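Trainee: Below are the chains, spelled out letter by letter.
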Amino acid sequence: MHAWANSNKKVLRTASPLKDWQSYFFPLCLLILSGFFSTETYASDFSAQIKDASVYSQDGWYLLDADIDHILSPVAKDAIQSSIPLNWCLKIQVKQERYFHDKTLVNINYRYRIRYHALLNTYSVSNISTNMVKKYASLSEALDALSRIRELKVLKVSALKKDKRYKVAIKLKLNKEQLPAPLRPVAYLSADWDLSSDWYLWQLEQ
Amino acid sequence: MAIRTIKHPLNLFILALFGLILLSLQLMSSATQESSHLSEIYSLLLLINTVGTVVLLCLVGMNVYSLIRHTRKKEAGSSLTMRMVSLFVVIALAPATLVFYFSVQFLHKNIDSWFNVEIDRAMEDALELSQASLEQRMHWHLTQTEQLSHSLQNLPDSQATVELDFMRQSSGALEMTLFSSQKRIIAFSSVNPTDIIPKQPDDHVWSQLKQEQNYIALDTLPDDTMVIWVVMIIPDVTPKYLQVLYKVPIRIADLADSIEFASKRYNEMHFLRDSLKISFSLALSLVLLLSLLAAIWVAFISIRNIVAPVKELVKGTKAVAAGDYAQQLPVMSQDDLGFLVESFNQMTLRIAQSRDEAKHASLEVEEQRSYLESILGNVTAGVMSFEADFTIRTTNQAAYRILHCQESCFVGKTLTLLALEFPSLGDLFNSMQGLIEQADDIWQQRVAFLGANGRQELLCRGTPLFSQEGGRVGAVVVFDDLTDLIQAQKNSAWGEVARRLAHEIKNPLTPIQLAAERLQHKLAKELDPASADILQRSTRTIVQQVEAMKRMVDDFAEYARPSKKQVEHLNLQDLVQDLLLLYNNTTTQISFISDFNGSAVMVYADPVSMRQVLHNLLKNAQEAMENGGLIEVKLSRVQKNNADYVELGIYDHGSGINAEQIEKIFDPYMTTKPRGTGLGLAIVKKIIEEHGGLIWIDSFYTQGAGFIIQLPLT
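Protein sequences, first through last, are from chains A and B.
Using numbering that gives the first Met the number 0, read the first sequence as starting at 0 and increasing by one per residue.
Using numbering that gives the first Met the number 0, read the second sequence as starting at 0 and increasing by one per residue.
Think of the hints as simulated: they come from the structure by calculation, not from any bench.
Note that this is a predicted model, so its numbers are computed, not measured.
Cβ atoms here follow ideal geometry from the backbone N, Cα and C, with glycine treated the same way.
Certain hints may be false.
Straight-line C-alpha distance at most 30 Å; calculated DSSO-like pairs for lysine-lysine [as the list claims (entries may be wrong)]:
hint: 1; chain 1: A; residue 1: K134; chain 2: B; residue 2: K198
hint: 2; chain 1: B; residue 1: K246; chain 2: A; residue 2: K134
hint: 3; chain 1: A; residue 1: K50; chain 2: A; residue 2: K161
hint: 4; chain 1: B; residue 1: K276; chain 2: A; residue 2: K76
Chain A regions said to be covered by chain B (calculated; three or more residues, Cβ under 8 Å) [as the list claims (entries may be wrong)]:
hint: 5; region: 77-86
hint: 6; region: 147-159
Could you build the full structure based on these sequences and the hints that come with them?
Mentor: Written out as structure tokens, the structure reads:
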């Protein structure tokens, strides 16, 4: 079933190979702000980890399986407990390798939101695209459910040509712009909110 | 210099910029409200304001840098600008800082005051109360479902639907579903007849049912209706599952929603407490920074605008101090400074006018002076003006020419000093000083002196100068050279005498001579030898004397006759050397020294006349030394009044010439020799003067007589 070997995978932690200026625009600009406030050099202790990911073909589609470890900082957990929803975005890109500039074939953003319901004492995970809501009794259950991504349709097998080389990149990103406004400057500057993963890149073998 | 106008710096662009900054601040302030749709662009607004602050900071920084640079260079107006800006910054910063400090304090306290233990507890209690209330209701519905499940025990599947409908209506449930042990739907009843698919329990529910006998939870339907969801095992041979959805009463559901919403908001705010403080402080800081920086920037512009006329005034004053009176400054306003600038402009205008008038007047004076100078320079008479202490103040060119001195060598020196410096003019200067000292009015006097070029006679006319108060401040002396005039008069008189002599005396001489010869011829034979001898001697004496008289008359005629010269270019050196050969004999020796080293000394002269001149002079010299001796002849080149002359000096070692004779030596009939006619030197002088030259006695030569002839070189 798993036609796509998981060899040749590597994790790029230095810089994004993909055009994703928006993810750097505000942090960069807010770095100017950091001149006015004391900043700490933050390590990405709480960044999400993409443990494994693979793409395989099934019924004419390429499907994505991925295991993502959400590591929430105490502050982020506290925020969820205080009924602040966290919006996530799983970015999936498939690019055709070219000499000068890679051509983007697929750029999918799966958006979902985790929130806490105080009255029911449950955690809900809602898929923004499909409006599907699932409830969990605890946060760890909800995160466990999120960490297993199975059979996510990426693109049709027919969309790829045999003689070309393709690469797949995924990234889990916390959408800081959907945090409450007063929290945003802090979120851009504090390591506690650096929850997004790095790009996880591998060669797609047909 | 055209009057400039300075553009007002606070133009529309700057006002628009400030408007934008203000709008952006207002938007950012609104964006912090959760409900505001501006919340989405909060980061962008924050960024815009930050960039605005940085831009303003750069502008202010550039202004400060420029001001410091100007102050270091000590440019006009920079220190005033510095003082005003510093004052403004201090005045603006102090209250702004105070307001900022207390605002932040107030803000923090205000945010803190939203939260306290009582409210925390109340919120928790309210939530717990609603949870307890719901739990009670759930418990009741669980009991109710349990009872219902008992009545479904052992019920055939065919009757299940009817029974479920009945049970649903009696229990007031929204939906009832009966599942088989394989989780298939056996029967289904819903309050809404359009519902055809019941709610499906998920894996989580089934797994819980395996462990416990039932599952109960609060849930919301897709239409947001709050329901109590119960799933229960019906104990049977083949166990079945009953799922019932009870509707929570609207009132209770609304209250629970309300409490949950309030709790959610409260918890959120509680969590955001510090972030809110930071966020508000940030907004406040940005407002403060932006407004302060904008104010400082505008202050820079305004102060520069205010100081501009002062700066211009300082620059203008410096320029005026440096002598540039053409300063006209731009008038920028109609206030006091404008008035000051206008006054400055008027002042410089007047100064410039006065300066121009003064310059004009001095130019006129200068013109007059140079006009007078040129007149004085061109008159033939020498003019000298003196201070009261006989220092020479001005002298014209003619004076130097007459006195044969270099130009400008008299000015600033006293007459006494000049008499020592120029010994040949000593007599003249001493007599001049005496005459000026004595005279109280206009005086006139002939002054004769022996100058470097021989005897000169001047006609001096002088007048003392008096100041307006009547004090003596100096004198002016005008003099003419009469030497040539007197000489010409003399020559003319002698010429007349000679002509008359020739005419009156020469005519009877031939009859006298003939008569005497005839006497001797007729009477010689008739007289006795003694008488004949007397007659012969007397006749011879008469004839000899008549011959001598004839010669003398011829000489006079020669002297008086207008010269008939045939001038040509002549090498004087060759002529002199030719003649010297004739005179170089055993008794007389002649040495010849020439500056020209054998090269030609060309003069424009009549060779016969020049030969006669040299002949006369050499003969004189030879006659002066009866016992023989040395005659020195010197040829030298001199330069006078930008023209080249040749000087021929002839010096003998004879008895010399007495001082009394020197004055009259060139006059006719002046002779020291017993047999001379006294016309030799007179003729020499006449010839030399006819050739444009000069002859004089070298008064510094004392070993004999020295004659110097000066002729222009061609």
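Trainee: Each hint should be assessed against the structure and marked as holding or not.
Mentor: Tested hints:
no. : hint               : in the structure
1   : A:K134 with B:K198 : holds (15 Å)
2   : B:K246 with A:K134 : holds (19 Å)
3   : A:K50 with A:K161  : holds (28 Å)
4   : B:K276 with A:K76  : holds (21 Å)
5   : 77-86              : holds (count 6)
6   : 147-159            : violated (count 0)
In this structure, the one hint that does not hold is number 6.
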